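**Student:** With chain Y's structure known, arrange chain D on it following the hints.
As you go down the protein sequences, you meet chains Y and D in turn.
Here the first sequence is numbered in the working numbering, starting from 1 and rising by one per residue.
Here the second sequence is numbered in the working numbering, starting from 1 and rising by one per residue.
Quick caveat, the hints were computed from the structure, so don't treat them as lab data.
DSS-like, lysine-lysine: derived pairs with alpha carbons at most 25 Å apart:
1) D:K339 <-> D:K325
2) D:K339 <-> D:K411
3) D:K183 <-> Y:K411
4) D:K183 <-> Y:K346
5) D:K325 <-> D:K126
6) D:K95 <-> D:K126
7) D:K183 <-> D:K95
8) D:K97 <-> D:K183
9) D:K346 <-> Y:K183
10) D:K411 <-> Y:K183
11) D:K411 <-> D:K346
12) Y:K339 <-> Y:K325
13) Y:K339 <-> Y:K411
14) Y:K305 <-> D:K126
15) Y:K126 <-> Y:K325
16) D:K442 <-> D:K411
17) D:K183 <-> Y:K442
18) Y:K346 <-> Y:K411
19) Y:K126 <-> D:K305
20) Y:K97 <-> Y:K126
21) D:K97 <-> D:K126
22) Y:K95 <-> Y:K183
23) Y:K183 <-> D:K442
24) Y:K183 <-> Y:K126
All figures in this text were calculated on a predicted structure; none of them were measured in a lab.
Protein chains: 2
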Amino acid sequence: MTKPVPADVVSRIQAVLGAGGWSQDPDVLAPHLVEWRGRWRGETPLLVTPRTTAEVAAVVGICAAEGVAITPQGGNTGLVAGQIPHGEILLSTQKLKAVRDVDPLDDAMVLEAGVTLYEAHQQAAKVGRRFTVGVASEGSCTIGGLISTNAGGTAVLRYGMMREQVLGIEAVLPNGEIWNGLKRLRKDNTGYDLKQLLIGAEGTLGIVTAASLKLHAPLASRAVAIVGLASPADAIQLLARAKDETGGAVEAFELMSLLGFALTVRNVPGLRDPLPSEHPWYVLIEIASGEPGAAEAALERLLAKALEDGLIADAAVAQTETQEKQFWHIREGHSAGQKPEGAVWKHDVSVPVSKIPAFIERADAALEQAFPGVRIIAFGHVGDGNVHYDVLKPVGGDDDAHDAQRQAGAKIVHDITASFSGSISAEHGLGAMKTAEALTYKDPIEVAALRAIRQAIDPQRIMNPRVLF
Amino acid sequence: MTKPVPADVVSRIQAVLGAGGWSQDPDVLAPHLVEWRGRWRGETPLLVTPRTTAEVAAVVGICAAEGVAITPQGGNTGLVAGQIPHGEILLSTQKLKAVRDVDPLDDAMVLEAGVTLYEAHQQAAKVGRRFTVGVASEGSCTIGGLISTNAGGTAVLRYGMMREQVLGIEAVLPNGEIWNGLKRLRKDNTGYDLKQLLIGAEGTLGIVTAASLKLHAPLASRAVAIVGLASPADAIQLLARAKDETGGAVEAFELMSLLGFALTVRNVPGLRDPLPSEHPWYVLIEIASGEPGAAEAALERLLAKALEDGLIADAAVAQTETQEKQFWHIREGHSAGQKPEGAVWKHDVSVPVSKIPAFIERADAALEQAFPGVRIIAFGHVGDGNVHYDVLKPVGGDDDAHDAQRQAGAKIVHDITASFSGSISAEHGLGAMKTAEALTYKDPIEVAALRAIRQAIDPQRIMNPRVLF
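Okay, chain Y solo, but in the shape it has when bound (with noise of 0.2 Å):
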């Protein structure tokens, strides 16, 4: 817990804000004190809704003045207690809402902290552009989360993480100082890149409150399919000669194993299994082109050339826009679809692809030797390395005994992640929940390094000082 905040510091902050900038009813502080799921819950003295970016740098400044911590929250989307405050201000950045601009010959929109990633998407069609990343939140989720965070998603194969979206920041830095960063260009070598410091730092060295963000043209055709194969190291090898039969035009590529297709197919209700029967494991492809006719054509050629050699044992493709979105519901049902089952253990890994198919015979036969019985779910975007790989109790098991073994299950997979020079957290971030596991295989003298770059940014480790290193 961080030490108490004193009352003038609140009532100063209180002050600067003004009545509709603050809180402190429990009704509304509560949906900002509890993870979505209800695995964390947090306290604070005081939840401050800044309007303005000047009005954080406000915040901000009384709180570096006197020493005070800060906790920045988004969406509240997030999975490892990286927003949720033990103590400290609660600074939402949910009122920070104003599109500052969307300019389709410049490929840019200039978006504040608080624009939901749907309102983000409206945006950007509304000028006939894209807006890329996709995450299953996105009606809650916002761009200074996705942004603070490094959101990845279904998307990330082809047009990279949040990162790579990001062509400017504006920012408060741990100072009080607004730093404004929000540029739009791409290219600008004048100095380190301290916007890609900010990306992803889980607002430890500062409060993202607008962002300068890529556009994309749109697409002329897409095509989608569901496919059955033996195992990952097929679906490996399908994912390389989809990257070559289209020219990198390869929109999603996501791995299913038959156990998480097969319960989504049965506990989400209007899903029906696309294939006439069963197969070891499934892939969900998705090509998209700019020319006209061409995402069907060269999705058709290649699951007609990896059928004849024996690649793929079957596949649907989506005849229809309704086709095409059950087909995606399958994917994106996986959590809804193992909730029925109980207590599950679930991982956020990567390895480089061409290491998914040994992470996962490795991962399934260690976990099966330690917990014998438990199933195992592995899914997720696989041309991105990165695999959400969740254990459920075994058939009947107890859910609480289930649960009393997640560090000893997570150690085991995390370990072997490890060994294959992968990421124990490829998209969630650390929060508070995995960062002392993270000390574990990151390497010393990156982690004194990065830690050196926070004490310069933060000396007095104000911003969000629970999380990460």
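**Tutor:** Positioned in the frame of chain Y, the structure of chain D alone reads:
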């Protein structure tokens, strides 16, 4: 000038490296001590040419212990005097030549710092992949230098800068420790992304010894045209249409003014104007697609519609690969083409794409007023907002007189660049040449943060001490 290096430090480094690892022979040193255009010359008490990362670490370790400064050098193709020592130890990475791995399943290759860009392209091609960074000095420039200067080039529009091609870095930090950050992950959210700091740091935060780089799929179709049109504003509209028409498959979009175009066609042997009459402005456009035939089709559609609408005046589509190369040669021959015209001021600026027409108009007018008769050649990667804005002496003018006004001219161009929120060094970096000037344009809040970071990583300021802030 940096303080003299003690003789015992020199001899200790010599002992560690052994024969073949260092030189004080003036003939060996000579090409390392002069910038390739002859604009800067330097000196060093010792050239070291380590053959392994461990040898780099040994040299840096000795220097760190004694507070002795180092200038790192890659292929010595830099344009801003970042690689020329002034009394420091000169550390060349040219002997770090190993190709550690090239893996098409991971779409990654791990190359040491001294591998040239040309060799990198060849390594990628061997496994049926592409490495997408392209700059004119590809035969000399090296991976370490490309990373340390965050190189740009003609393919940034579609693929991004060097920064976006780097998956991981191995580097010797200023304390002499080896940081092994050679991951090949597409997703890794476990703390600040340290490699981003070293990219573009111009050797001030450590010496990049190897890197893990992204590979891209080959493209099945390609089409190149030279277009004649009336204005930069029309060119920007054409770019927007090209992105729309091709779904972002624009591989290059290079603007050229009549003067530069005509001088190049006239002065470079073997070139001829592909269009029957002159136009105020030209664009070289290249479309490339993963779908066979798609690039040609999209380019034809784009140009036909643009001609019909009067957006462009004329266009020639390359019919053969030889003709494609000819078209590109006109663009790449711009420096050679203007050389016979005598003294020139060069500027490497960027502005938001939509501001290019206004930038050119305002800069042209200001220069004509301040220096009547100067001849302006604007060209460059307009899809990135990157204008290479060259100013030739007046016809019959005196070279020395023009050279003497270089700074005054730069001030005008850079002030106007800054008024459009642009960058005074889009892709060449700051080196020792532009650092002081950059300080007059950079946000002091940002500069303070960058200095704090440098101080944190290199408290003795021994790494390339004369460059950056």
